[in-house]
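**Q** Okay, here's what each chain looks like letter by letter:
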Amino acid sequence: MTARPIIELRNLSKSFGAVQALRGIDATIREGEFFSLLGPSGCGKTTLLRMIAGFEAPSGGSIVIDGKPMDGIPANHRPTNMVFQSYAIFPHLSVAGNVGYGLKRKKLSRAEIAAEVEAALEKVDLAGYGSRAAHELSGGQRQRVALARALVMRPKVVLLDEPLSALDKKLREQMQVELRALQQSLGITFILVTHDQEEALIMSDRIAVMFDGQIAQMASPEELYRTPRTRRVASFIGVMNFLPARMKGESPEGIEIDIPALGSARIPRDRVPEGLRPERIESIGIRPEMLTILFDEANSAEREAEGQVVANSYYGDMTYYDVRLAGQEAQVTISMRNTAGRSVARPGTTVRVGWGAESVVLFD
Amino acid sequence: MALKLSSQERQGLTLISPTLLYALVMLAAPLLMVATFSFWTQNYLEIDRTLTLDNYRAAWGEPIYQVLLARSLRISVIVTVATVLLAFPVAYFLSFHVKKRKALWLFLITVPFWTSYLLRVFLWKVILGYNGVLNSALLNLGLIDEPLTFILYNANAVVLTLAHAWAPFAILPIFVALEKIDRSLLEAAEDLGDGPVRRFFRVTLPLAMPGVVAATLIVLIPTVGDFITPKLVGGTDGLMIANMIQIQFGKANNAPLGAALAVTSMLTVAAISLIVFLAGRRLGGRVKP
Numbered sequence: 001m002t003a004r005p006i007i008e009l010r011n012l013s014k015s016f017g018a019v020q021a022l023r024g025i026d027a028t029i030r031e032g033e034f035f036s037l038l039g040p041s042g043c044g045k046t047t048l049l050r051m052i053a054g055f056e057a058p059s060g061g062s063i064v065i066d067g068k069p070m071d072g073i074p075a076n077h078r079p080t081n082m083v084f085q086s087y088a089i090f091p092h093l094s095v096a097g098n099v100g101y102g103l104k105r106k107k108l109s110r111a112e113i114a115a116e117v118e119a120a121l122e123k124v125d126l127a128g129y130g131s132r133a134a135h136e137l138s139g140g141q142r143q144r145v146a147l148a149r150a151l152v153m154r155p156k157v158v159l160l161d162e163p164l165s166a167l168d169k170k171l172r173e174q175m176q177v178e179l180r181a182l183q184q185s186l187g188i189t190f191i192l193v194t195h196d197q198e199e200a201l202i203m204s205d206r207i208a209v210m211f212d213g214q215i216a217q218m219a220s221p222e223e224l225y226r227t228p229r230t231r232r233v234a235s236f237i238g239v240m241n242f243l244p245a246r247m248k249g250e251s252p253e254g255i256e257i258d259i260p261a262l263g264s265a266r267i268p269r270d271r272v273p274e275g276l277r278p279e280r281i282e283s284i285g286i287r288p289e290m291l292t293i294l295f296d297e298a299n300s301a302e303r304e305a306e307g308q309v310v311a312n313s314y315y316g317d318m319t320y321y322d323v324r325l326a327g328q329e330a331q332v333t334i335s336m337r338n339t340a341g342r343s344v345a346r347p348g349t350t351v352r353v354g355w356g357a358e359s360v361v362l363f364d
Numbered sequence: 001m002a003l004k005l006s007s008q009e010r011q012g013l014t015l016i017s018p019t020l021l022y023a024l025v026m027l028a029a030p031l032l033m034v035a036t037f038s039f040w041t042q043n044y045l046e047i048d049r050t051l052t053l054d055n056y057r058a059a060w061g062e063p064i065y066q067v068l069l070a071r072s073l074r075i076s077v078i079v080t081v082a083t084v085l086l087a088f089p090v091a092y093f094l095s096f097h098v099k100k101r102k103a104l105w106l107f108l109i110t111v112p113f114w115t116s117y118l119l120r121v122f123l124w125k126v127i128l129g130y131n132g133v134l135n136s137a138l139l140n141l142g143l144i145d146e147p148l149t150f151i152l153y154n155a156n157a158v159v160l161t162l163a164h165a166w167a168p169f170a171i172l173p174i175f176v177a178l179e180k181i182d183r184s185l186l187e188a189a190e191d192l193g194d195g196p197v198r199r200f201f202r203v204t205l206p207l208a209m210p211g212v213v214a215a216t217l218i219v220l221i222p223t224v225g226d227f228i229t230p231k232l233v234g235g236t237d238g239l240m241i242a243n244m245i246q247i248q249f250g251k252a253n254n255a256p257l258g259a260a261l262a263v264t265s266m267l268t269v270a271a272i273s274l275i276v277f278l279a280g281r282r283l284g285g286r287v288k289p
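Listed in order, the protein sequences are those of chains A and B.
Quick note on my numbering: the first sequence kicks off at 1 and runs consecutively.
Quick note on my numbering: the second sequence kicks off at 1 and runs consecutively.
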């Protein structure tokens with residue numbers, strides 16, 4: 001994507017008293033992008049969002065929105081609108097009163113406001129709900145009203161603070177898809193704060209993973225999942241098997257590594273992350289779905305290892321196996337799609353584990 | 001009507017029955033007695049129990065009672081408006097700007113209650129009197145040449161004393177209403193373009209309305225019927241309807257007329273309270289607790 005930057009964060013930091021909530025945040029968010037701030041609670045992601053919105057003043061660094069520095073500009077003069085975690089629906093106003101709240105300031109006639117409000121409600125599938133009272137709405141509807149209230153302001157950026165965390169699983173999954181579709185059709189930049197890695201992966205164009213007030217990695221969902229830069233990022237996003245490993249040798253084509261539990265492999269240069277010094281490699285990571293259990297004698301993989309099933313978890317479409325690798329303390333999780341005519345391997349079964357060098361992620 | 005109660009209802013009734021009994025004996029029965037008295041006639045030491053509307057004719061017809069009731073209402077409304085207007089900033093400050101030791105602040109607000117009401121009224125006499133604290137201070141500072149007389153033994157003194165006495169009763173309900181406001185609503189208003197002033201009138205005040213209405217009623221209703229303060233600091237000019245009711249029951253020995261006056265002022269206050277309540281509901285919009 002080569003769209004122009006809409007938000008630039010430069011060396012941003014924030015402290016609350018002695019506590020440093022954020023430090024050295026550098027990021028550029030592009031116009032029309034769905035950008036997620038992902039991290040465990042207390043990592044500073046909400047603080048960062050609130051600083052962009054103008055509710056918190058940075059302790060250092062700068063925020064530029066749409067080319068304008070935001071130093072000292074209060075929230076009510078910023079081209080951003082927020083969907084709050086609690087939705088913050090005004091209880092004394094109707095749905096239309098809530099959605100039209102911000103329009104009263106703009107010089108619009110009553111009829112124009114009503115038309116804008118109805119159009120916004122239509123966008124979030126709540127056409128005709130304008131006269132409902134705030135307390136008559138369900139959780140999902142409140143979330144939609146909050147979204148309509150932000151969209152009607154035609155902001156440059158919509159900020160979403162864990163907007164789906166209060167919804168039940170089914171509704172949440174539905175809203176993830178709807179929100180993503182709405183964002184794409186409107187082309188407005190969305191910044192989402194979430195602690196749910198799956199949600200971030202499904203919805204985002206790019207994700208910034210945050211730990212302890214810093215951005216650990218910023219990348220597309222696919223890149224983040226396939227090549228996490230640190231063990232911490234790797235274990236936060238999805239499931240990752242970690243195995244000890246050492247560099248054996250280096251050649252122009254790649255790095256030879258020895259993984260005691262699996263064998264050795266040559267990792268091509270382009271899979272070696274920038275800044276990683278090969279002699280400092282301590283472990284490798286491999287995703288559960290990148291390992292296979294070779295059930296059939298005829299099946300074979302690029303590389304094979306022997307192991308014993310320790311436990312299995314049956315999910316219907318998938319089965320997760322915990323497999324102890326032969327001669328090692330190492331244990332890995334392997335996910336296998338269930339197929340017709342193949343029963344789930346019981347604990348104690350000896351199996352052949354297939355793997356490939358291209359799915360190995362290196363960590364120092 | 002057959003009385004069928006679920007166990008839960010029976011349990012509830014049992015729980016409230018002591019209170020209910022107490023309320024019936026101490027509240028409903030006296031009220032009923034006063035209402036009944038108001039339709040009787042006093043003949044020196046005896047009571048004529050034939051029902052009559054004469055007392056109400058007197059209570060509503062004679063100018064002295066109208067003047068006293070009107071004055072009581074006027075003083076009470078001024079006290080209420082002043083108290084609520086002064087209480088709101090205090091409650092607002094407590095709720096929004098006091099971060100630490102809120103409990104201590106609330107505690108301090110109740111300090112005036114530690115002395116008796118009577119004592120507090122007397123203290124105001126000491127402060128406002130001809131040779132009182134205020135006058136001597138102003139005289140010594142050279143700000144006035146002779147003691148101010150408009151501050152004691154008139155309606156002003158009653159207003160001042162009552163407003164001070166009822167301030168905590170106004171601060172607390174407003175404080176509670178402000179505390180209940182979800183702070184993210186204020187951020188949402190700001191996010192949608194409101195500055196602090198617009199936000200206050202569009203979100204904070206409407207949502208604090210239940211507290212403001214409660215404070216208004218809590219101050220308005222008892223102050224109409226107050227008789228200690230007007231007696232002690234009001235002079236002749238500050239006499240209120242309750243003083244007249246007291247006189248009728250006591251010195252004048254005309255309990256039925258006193259009762260009629262009491263019922264009249266009660267109905268007037270009830271009507272005003274209802275208006276305040278409904279107005280508050282309108283202003284506060286469709287707030288659901």
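To be clear, the hints were calculated from the coordinates, so they are not data collected in a lab.
Glycine is no exception: its CB is placed at the ideal position from the N, C-alpha and C atoms.
Hints are not guaranteed to be accurate.
Stated by the list, open to error - Derived Cβ-Cβ restraints for the label pairs, each shown as a range:
hint, chain 1, residue 1, chain 2, residue 2, range
1, B, Val197, A, Glu282, 38 to 46 angstroms
2, A, Ser220, B, Arg281, 48 to 56 angstroms
3, A, Ser41, B, Val111, 36 to 44 angstroms
4, B, Pro18, A, Gly128, 47 to 55 angstroms
5, A, Ala114, B, Val197, 55 to 63 angstroms
6, B, Gln11, A, Ala114, 47 to 55 angstroms
7, B, Pro112, A, Ala18, 34 to 42 angstroms
8, B, Ser116, A, Leu108, 42 to 50 angstroms
9, B, Phe113, A, Ala18, 38 to 46 angstroms
10, A, Ala119, B, Val111, 43 to 51 angstroms
Unchecked claim - Pulled a few chain B residues facing chain A out of the computed Cβ check, cut under 10 angstroms:
hint, residue
11, Gln42
12, Leu45
13, Glu46
14, Ile47
15, Leu185
16, Leu186
17, Glu187
18, Ala188
19, Ala189
20, Leu192
21, Gly195
22, Val203
23, Pro206
Claimed, not checked - Calculated pairs, EDC-like style, for lysine to aspartate or glutamate (alpha carbon to alpha carbon, straight line, at most 20 angstroms):
hint, chain 1, residue 1, chain 2, residue 2
24, A, Lys156, B, Glu187
25, A, Lys106, B, Glu187
26, A, Lys104, B, Glu187
27, B, Lys99, A, Glu56
**Q** Does each hint hold? Answer for all of them.
**A** The hints, checked one at a time:
Between Val197 of chain B and Glu282 of chain A the Cβ separation comes to about 60 angstroms, which falls outside the hinted range of 38 to 46 angstroms. Taken as a hint, the range 48 to 56 angstroms holds for the pair Ser220 of chain A and Arg281 of chain B, whose Cβ atoms sit roughly 54 angstroms apart. Between Ser41 of chain A and Val111 of chain B the Cβ separation comes to about 42 angstroms, which falls inside the hinted range of 36 to 44 angstroms. With their beta carbons about 52 angstroms apart, Pro18 of chain B and Gly128 of chain A fall inside the hinted range of 47 to 55 angstroms.
Distance hint check: the CB atoms of Ala114 of chain A and Val197 of chain B are about 26 angstroms apart, inconsistent with the given range 55 to 63 angstroms. A hinted range of 47 to 55 angstroms for the beta carbons of Gln11 of chain B and Ala114 of chain A is consistent with their spacing of about 51 angstroms. Roughly 39 angstroms separates the CB atoms of Pro112 of chain B and Ala18 of chain A, a value that falls within the hinted 34 to 42 angstroms. For Ser116 of chain B and Leu108 of chain A, the Cβ-Cβ distance of about 59 angstroms falls outside the hinted range of 42 to 50 angstroms, so the restraint is violated.
For Phe113 of chain B and Ala18 of chain A, the Cβ-Cβ distance of about 40 angstroms falls inside the hinted range of 38 to 46 angstroms, so the restraint holds. Taking the beta carbon of each, Ala119 of chain A and Val111 of chain B are about 56 angstroms apart, not inside 43 to 51 angstroms as hinted. Hint on Gln42 of chain B is violated. Least Cβ distance to chain A is approximately 52 angstroms, over the 10 angstroms limit. Violation of the interface hint for Leu45 of chain B is found here, the shortest Cβ-Cβ separation to chain A being roughly 59 angstroms, above the 10 angstroms cut-off.
Violation of the interface hint for Glu46 of chain B is found here, the shortest Cβ-Cβ separation to chain A being roughly 58 angstroms, above the 10 angstroms cut-off. Among the interface hints, the one on Ile47 of chain B is violated; its C-beta lies about 53 angstroms from the nearest C-beta in chain A, farther than the 10 angstroms criterion. Because the closest C-beta pair between Leu185 of chain B and chain A is about 5 angstroms apart, less than 10 angstroms, the hint holds. Satisfaction of the interface hint for Leu186 of chain B is found here, the shortest Cβ-Cβ separation to chain A being roughly 9 angstroms, below the 10 angstroms cut-off.
A distance limit of 10 angstroms between C-beta atoms decides the matter here; for Glu187 of chain B the minimum to chain A is near 6 angstroms, and the interface restraint holds. Here the hint on Ala188 of chain B is kept, as its CB sits about 4 angstroms from the closest CB of chain A, short of 10 angstroms. This hint holds: Ala189 of chain B has a C-beta 7 angstroms from the nearest C-beta of chain A, less than the 10 angstroms allowed. The beta carbon of Leu192 of chain B comes within 3 angstroms of a beta carbon in chain A, closer than 10 angstroms, and the hint placing it at the interface holds.
At about 6 angstroms, the closest approach between the beta carbon of Gly195 of chain B and any beta carbon in chain A falls short of 10 angstroms, and the interface hint on this residue holds. Given the 10 angstroms rule on beta carbons, the hint for Val203 of chain B holds: about 6 angstroms separates it from the nearest Cβ of chain A. For Pro206 of chain B, the shortest C-beta to C-beta distance to chain A is roughly 5 angstroms, which falls under 10 angstroms, so the interface hint holds. At most 20 angstroms may separate the alpha-carbon atoms for a hinted pair to count; Lys156 of chain A and Glu187 of chain B meet this at roughly 18 angstroms.
Straight-line distance between C-alpha atoms of Lys106 of chain A and Glu187 of chain B comes to about 19 angstroms, which keeps the hinted pair within the 20 angstroms bound. About 17 angstroms separates the Cα atoms of Lys104 of chain A and Glu187 of chain B, which keeps this hinted pair within 20 angstroms; it holds. Taken as a hint, the Lys99 of chain B and Glu56 of chain A pair is honoured in the structure, with Cα atoms around 17 angstroms apart against an allowance of 20 angstroms.
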